[in-house]
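If you read the protein sequences in the order shown, they are chains A and B. Residue numbers 1 to 261, in the numbering used here, belong to the letters of the first sequence in order. Residue numbers 1 to 225, in the numbering used here, belong to the letters of the second sequence in order.
It is worth saying that the hints were derived from the structure and are not from the lab. As the structure is a computational prediction, the values presented were derived from the model and not from experiment. Heads up, the beta-carbon is just placed ideally off N, CA and C, and yes, glycines get one too.
Label-pair distances were calculated between CB atoms; the ranges are:
(1) A:H70 - B:S132: 37 to 43 Å
(2) B:E221 - A:D199: 38 to 44 Å
(3) A:G24 - B:T3: 42 to 48 Å
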Amino acid sequence: MSMPIFEAGSDPGANFGELLRRVGLSPFGSVSVDHELVIPHATTCVAMRCRDGVVMAGDRRATSGNLISHRSMEKVVQADEFSGVAIAGAAGPAMEMIKLFQLQLEHYEKVEGQTLSLEGKANQLSSFVRSNLPAAMQGLVVVPIFAGFDFHTNSGRLWDYDVTGGRYEEKDFVATGSGMLHASTVMRISWRREMSTDDAVKLCARALWEASDADSATGGPDSMRGIYPVIASITKQGWSQVTDETSAKIYSEIATEVGAR
Amino acid sequence: MNTPYYVPPEQFMKDRADFARKGIARGRALVALQYDNGIALVSENPSSTLHKISEIYDRIAFAGVGKYNEFDQLRVAGVRAADIKGYQFSRQDVDARSLTNQYAQILSQVFSEAPKPMEVELLVAEIGVEKSADRLFHVMYDGTVLDEHNFSVLGGDSQAVADRLKNVYVPDTSLKTVLQNAIAALSGAEAKPKYADLEVAVLERNGRRRCFRRIAESEIEELIG
Numbered sequence: 001m002s003m004p005i006f007e008a009g010s011d012p013g014a015n016f017g018e019l020l021r022r023v024g025l026s027p028f029g030s031v032s033v034d035h036e037l038v039i040p041h042a043t044t045c046v047a048m049r050c051r052d053g054v055v056m057a058g059d060r061r062a063t064s065g066n067l068i069s070h071r072s073m074e075k076v077v078q079a080d081e082f083s084g085v086a087i088a089g090a091a092g093p094a095m096e097m098i099k100l101f102q103l104q105l106e107h108y109e110k111v112e113g114q115t116l117s118l119e120g121k122a123n124q125l126s127s128f129v130r131s132n133l134p135a136a137m138q139g140l141v142v143v144p145i146f147a148g149f150d151f152h153t154n155s156g157r158l159w160d161y162d163v164t165g166g167r168y169e170e171k172d173f174v175a176t177g178s179g180m181l182h183a184s185t186v187m188r189i190s191w192r193r194e195m196s197t198d199d200a201v202k203l204c205a206r207a208l209w210e211a212s213d214a215d216s217a218t219g220g221p222d223s224m225r226g227i228y229p230v231i232a233s234i235t236k237q238g239w240s241q242v243t244d245e246t247s248a249k250i251y252s253e254i255a256t257e258v259g260a261r
Numbered sequence: 001m002n003t004p005y006y007v008p009p010e011q012f013m014k015d016r017a018d019f020a021r022k023g024i025a026r027g028r029a030l031v032a033l034q035y036d037n038g039i040a041l042v043s044e045n046p047s048s049t050l051h052k053i054s055e056i057y058d059r060i061a062f063a064g065v066g067k068y069n070e071f072d073q074l075r076v077a078g079v080r081a082a083d084i085k086g087y088q089f090s091r092q093d094v095d096a097r098s099l100t101n102q103y104a105q106i107l108s109q110v111f112s113e114a115p116k117p118m119e120v121e122l123l124v125a126e127i128g129v130e131k132s133a134d135r136l137f138h139v140m141y142d143g144t145v146l147d148e149h150n151f152s153v154l155g156g157d158s159q160a161v162a163d164r165l166k167n168v169y170v171p172d173t174s175l176k177t178v179l180q181n182a183i184a185a186l187s188g189a190e191a192k193p194k195y196a197d198l199e200v201a202v203l204e205r206n207g208r209r210r211c212f213r214r215i216a217e218s219e220i221e222e223l224i225g
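Okay, chain B solo, but in the shape it has when bound (with noise of 0.2 Å):
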């Protein structure tokens, strides 16, 4: 009879953050900053129909980067959770933190029980009414959350991403100054990418129900030439 080979749980959960993350890092770079009427979010995307950003509710957003049709499914979970919940309790009662520890729940369960851990990265963003209650949750592909502040970067190349963009971001600053600022950080010392090549959306307070907008590639030449 054949004895499984001891895995310690140490060299176990190693190899597996390493599978994940190598799978992320496969990917380009998403940033989410907060400016003064709102959250946007950035991401190279050739892609004019495979979106990375999308609406999960009136004021939610929900952004993936690593293995498309991994975080696709937890969109649509997440878009199911909500419209649930509103739909048997109140539009007021749906959350972004709610929605993040489900998608925590789930993550870290893949991550050690199934046969491979889902090679994504998630960010749940939500507008408040107020800035102040603004929020940007980033889960890992572990499970971990983190309640992040000002800006958030996911993906391959995040660490220095998230540097370049400490050196130049402002908190309450206008929709364009993020955006240069988003695109200039997710280059770095290449070649600025084309507007086509950009997805962009926000989440702004506009007064209205639904507060998530996507950003066509006409509009942002119209914002930063």
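This is chain A alone, in the form it adopts within the complex (with noise of 0.2 Å):
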């Protein structure tokens, strides 16, 4: 393999998106799939700001048709210090997005010396997704959320995706995946606005654990293999990701009140 050095007028400059394709290595592509795939499908995600920035959180179930297929995937996961995405939909694609997507961000940092605004790394996102479109409409669909801490605005910022790479930025809170209609909904009862980061981390614990009841696709706190959603915080500090510990004790509580009632 050689080193890839362009002409003055043609050179990719820092998108790494772009460098695959002229080296031969880009994923996106059409693909024709004849008949209904079976492949893993990652589902619920969770996103919402409180007030000292953003807490995301995914179950960790993957399933191929009625089954289950992995137990222990990570949904949600850290892009750069101060970011981090939330994937739902088919999820070979979904974990090569993200593998891209933090290629780039890093990529990015190298060759020009400096981060992506938070808005241009959503931005970046949206492309990605977009170049996904032909493989989505075979059925091939990934929806991420995306979200950080904005130093320009000096709070947390969110954004959730479309399938065509529509970049929609949310004020409080979102949810992806077959189960977010019921996380959506213990959401809009129960976000405030001020809310601090630790009820954050428990609403979005909640916010799982009721769409884990009622979705099959989506997993519940596995008490028994010790496996819980993954809970992450982004605050000013940086991105930092809830103790397993911490998770089986916000859900042990869960259980309880719901057992009581």
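Reconstruct the complex from the two isolated chains, following the hints.
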């Protein structure tokens, strides 16, 4: 493999996706699927703003049709120091998109010597989702949520996307995936503008609990195997993931409360 | 019909080497030194935005001296090659040796074929999980590769700086000590440069994925007073 050097007029700059296309490694492209594929799908993710930033969470289940294909998938991942991405949809393309997105942010930072703005990152993800449209038309839909701390506005911000790459900034909370209806109902009732990060973490946990209670494709807390939803907050201090011990405690409180209904 | 003058290859190479060396000698020197917990890279650079030292990958740093636009082009090519390799295979598969060989290939080709050789010298530094796996690869303007240990000096007046450093350098010392050594060796008999005119970065065994870190002026002051 040789080192990629380009002519001054045709240099791809800090765009990693374009660079991959030039060297013939782009993962995007049309696929033709004649019959319905049974492939793993990742399900419910939620995100909400709180006083100090944003909190995002996702369950751990991936399903293929009516089977559980993975119990410990991580759909909420850190994109860089001050942002994260949560993804629902066809697991393969979704994971590839996350990987490419993380690389793009780091690549830009190294080539340009500074990080992209949060808005710039959101926009970049938009173009990745749009590039996946041909595959989405064949059923390989990928719909992410992007959230992070914006030092320009000094607040947490979040965006959700549609399958065409449409990008919508949300002011309060958002859910995606098969359990989104139940999760957003929970958030709609309890979400408050000036919530603390801890309260937002508990509300995200609760939203996923209710989603898993009513939607078969969403996984609940699995105390037997020690698998809990991934919950993370992003504030001025950066990305911080809730430990399994804390999650276990939050879920045992929820279980006690539900048991006493 | 004009017949081109015959230039013997020895003369051709010597002219080009002299040209490149002159260009490089115009700039200030740069040093990289191994310390107990990583590799420090130190250079005099009055600009705080046009860097001579940069991050290439998780454990790999790049330093260039000479003509800025030329070594910056090579730096970006290195970032690209590393990111593509990491994407295509695994992050573990990206290593300094392979990048160095690619740089050497480009530089030697440009040296003998392009209208003018590149007026740059490069350093590709990598820290291993253990100190024994640390690497300092020094690439010359003509593609010559030197595998160096303890410290490496690039750029103008490098022989004098290396001689000064040889007298004071002790392996396995602290970051503070190697920074003091580097600054003393770079300035020699001249007055010590202002901290604002120094560009300092380290590759440190910090347990994180990305080991490259720039050291700000305030931190240099805190470290060595």
